[in-house]
Structure formats: structure tokens, C-alpha cells
Amino acid sequence: MMSIPFFGILAAFLCVFSGQRGAALMLWALSMVGLAVLFRLHATDALNLVL
Amino acid sequence: MIGLLNAPTARLLNALGLLAVSLVLIVAFVDQIAFGDIPCPLCILQRAGFAGASLGLALNVKFGPRPSHYAVVILSAFLGACISSRQILLHIVPGTGTYGDALMGLHFYTWAFIVYLAIILGSAAMLLFDGQFVREEEADAPASGSATSTAATFSLAMVALAALLALANGTSTVLECAGGLCPDDPTGYLLLQN
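Heads up: the protein sequence lines correspond to chains R and H, in order. Note that numbering that gives the first Met the number 0 gives residue 39 to position 40 of the first sequence, counting from 1, and the numbers run on in steps of one. Note that numbering that gives the first Met the number 0 gives residue 4 to position 5 of the second sequence, counting from 1, and the numbers run on in steps of one.
No lab work stands behind these hints: they were computed from the structure. Incorrect hints may appear among the rest.
[What the hints assert, rightly or not] Per label pair, the in silico range of CB-to-CB distance:
no., chain 1, residue 1, chain 2, residue 2, range
1, R, Ala-35, H, Gly-179, 12 to 20 Å
2, R, Ser-17, H, Gly-94, 46 to 54 Å
3, R, Met-0, H, Gly-187, 16 to 24 Å
4, H, Arg-65, R, Ser-17, 12 to 20 Å
5, R, Leu-29, H, Arg-134, 40 to 48 Å
6, R, Gly-21, H, Phe-153, 41 to 49 Å
7, R, Ala-42, H, Ile-113, 32 to 40 Å
8, H, Ala-159, R, Ala-35, 38 to 46 Å
9, R, Ala-42, H, Ala-101, 19 to 27 Å
10, H, Gln-192, R, Met-0, 17 to 25 Å
11, H, Leu-180, R, Ala-28, 19 to 27 Å
Even glycine gets a Cβ: it sits at the ideal position worked out from N, Cα and C.
Turn these sequences into a full structure, and let the hints steer you where they fit.
Now the structure itself:
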């Protein structure tokens, strides 16, 4: 699930290569929404601290 | 500031920006693979912010500069800056530790925040030059053929590099986290463990 933003942006890049600007923008927007949701889920992660 | 920056020059500058952002992701990959620094969930999300900013630059390169493409860059960098600032705040109190290795005295999430700010400022500075938004067929002096061809080849190569890095990061994330959320404290690649 954490890879969704990357694959969404990769799909957007493929749209860029194929000349589909609108689809690329839509995929980018969806990827950013996914990124924001994942940030919400991980914002309070306990990290492996180097003390 | 009409006329100081035309569309072909703006495309080239965006391609150079793509190269710079790609270098950031490459350095993170080198640290991950060569030094075994497994990215934490927030680190992965910061990489996704860079990938999003790359897409905006790629849109400028492929379709020509537009304010909406710069908005893609700025919004992606803003989201990435929110994530990196959250990670900085996790460690801002002295004695609360750090995550991962330091590069030239600063940790990767601090560098990420600085680079995101630079991306936002750079994009805002580029938006000052209205001349780049004049349609290229309406521009007065077209660039010479070979120079245009070389710049176009370089630009497309940078777009391909950025796309490849999005694929590499997606694949790395699947290997590390499998199909679900990443472990809060990753110690290895879930899909590569027996």
C-alpha cells in the first residue's frame, strides 16, 4: 500500500510520455491524496532512534 | 518580466531541475543499498513527495511551461516539506535521538526539508517570468536546430530517469513493506525474508 504513490506517479509519467496531460494530472492528484492519507497513518510512528 | 526567459530555456531549466531532484533520490538509494540504511515509512513518503515534484517538472518539459505544472511542483514539495518537518520535530528536542545516517552533518529528513524549500522557492521564482508562457509558435526567434535537438534529447532523458526512479522506489517499497503499511521500525525487506 505504501507503494501506491510511486506507482500512481509512474503511471502519470507514462501518460506524460504518451501525451495525455489531463490523465497525468489526475493520476498525480490521486497519488498526492494517497500520500496525504499515508502520512496521516504514519505521522505518529515510533522510530528506531539512535540514542 | 516578459522576454527574459522563453519557453525553450524554461524547458531546459526544468530538465536541469529534474536532474537535481533525481540526484536527491539517487543519493537516498545509494545510502539504502550501499550502506544498508532501510528507509522508515516517513522517509519513503518524503521520496514520494520528490517523485511528485518531478512529475510537475516533467510536465513542463514535455508539454511546455504552464502555471498549473509549477503548481504541481509546489504542492508536491509542500506536502513533502510537511512530512519532513514532522520527522524533524520528532527529533528536535536535544537527547531524543535521530534516525538513520547523517550527510555532511545533517540527517536526510533535514536535507529533504531544505531541498523542498529550495524547490518551492525555485518554482515561485520561475513563475515570475511570463515570457515562458507565450506559445512557442508565437515567439519571435526560434532556437537553432542542433541546439534545440540536443536540449530536447537531454530533457527527455531526464524525464525517463525520473520515471525510472519512481519505478525503482515503488519496487523497493513493495520489497520492504509487501502489500500493506510499512513496519514503524523497519529492519529489513519483508519480501526478501524467509
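Status of the hints after comparison with the structure:
| no. | hint | in the structure |
| --- | --- | --- |
| 1 | R:Ala-35 - H:Gly-179: 12 to 20 Å | holds, 18 Å |
| 2 | R:Ser-17 - H:Gly-94: 46 to 54 Å | holds, 52 Å |
| 3 | R:Met-0 - H:Gly-187: 16 to 24 Å | holds, 18 Å |
| 4 | H:Arg-65 - R:Ser-17: 12 to 20 Å | holds, 18 Å |
| 5 | R:Leu-29 - H:Arg-134: 40 to 48 Å | violated, 29 Å |
| 6 | R:Gly-21 - H:Phe-153: 41 to 49 Å | violated, 26 Å |
| 7 | R:Ala-42 - H:Ile-113: 32 to 40 Å | violated, 21 Å |
| 8 | H:Ala-159 - R:Ala-35: 38 to 46 Å | violated, 28 Å |
| 9 | R:Ala-42 - H:Ala-101: 19 to 27 Å | holds, 23 Å |
| 10 | H:Gln-192 - R:Met-0: 17 to 25 Å | holds, 19 Å |
| 11 | H:Leu-180 - R:Ala-28: 19 to 27 Å | holds, 22 Å |
Violated hints, listed in ascending order, are 5, 6, 7 and 8; each of the other numbered hints is respected by the structure.
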